[in-house]
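**Q** Spelled out, the chains give:
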Amino acid sequence: EAQVTQNPRYLITVTGKKLTVTCSQNMNHEYMSWYRQDPGLGLRQIYYSMNVEVTDKGDVPEGYKVSRKEKRNFPLILESPSPNQTSLYFCASRRLAGQLASYEQYFGPGTRLTVT
Amino acid sequence: KNQVEQSPQSLIILEGKNCTLQCNYTVSPFSNLRWYKQDTGRGPVSLTIMTFSENTKSNGRYTATLDADTKQSSLHITASQLSDSASYICVVSGGYNKLIFGAGTRLAVHP
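Heads up: the protein sequence lines correspond to chains A and B, in order. If you count the first sequence from 1, position 33 lands on 33 in this note's numbering, and the numbers rise without skipping. In this note's numbering, each residue's number is its place in the second sequence (first place is 1) plus 1000.
Hint data in this document are derived by calculation from the structure and do not stem from the laboratory.
Straight-line alpha carbon distances no greater than 20 Å define the calculated EDC-like cross-link-like pairs of lysine to aspartate or glutamate that follow: (1) B:K1057 x B:D1084; (2) B:K1098 x A:E30; (3) B:K1098 x A:D56; (4) B:K1098 x A:D59.
Using the sequences plus the hints, can you model the full thing?
**A** Next comes the structure, spelled out in structure tokens:
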């Protein structure tokens, strides 16, 4: 079954304690991305990757890191989490699109993070 | 500034009724427009994708329309069911691999 998986699904942590949220896809997609979703706001892109070892900042990258050492995995790292990073996080993947292409984007189930 | 605005913010309808959700965008260049359904606590799931040359696209009881001249799209839900209760998100592709998300419309279908 084609899917994007994330772990953990729920996480409560304290300010400053480093954490990693894993993301994996089994569709051989080149493009992977992380989003955060907050009440009343649309999904905002944190980081994205167009292929192995190729990552770039999205709209809200501050306080986050990512890596893409393998095509299937794209972990999100919070080196020193703060309460304003409490949010619902989604990983997504799709084929890399040309200018006029419109490939389907698949989302993971989400990770609800609470930082106290 | 690239923006996607959806209306209404929330909507309550009775089971069996139809409804229409709106999406206005100011995104350039324009590549395609997507509608997603997001159940509470889950990831968004795609309903339709339309390029600028497509006016209408259907997926079961969901029909999306696109007017690229006025930069407006709508999602029409026919004969609503309780399982249609969800948030519906309009997403515009603003060029090479860039997606701009609307804040969504929260739909509640009551029996």
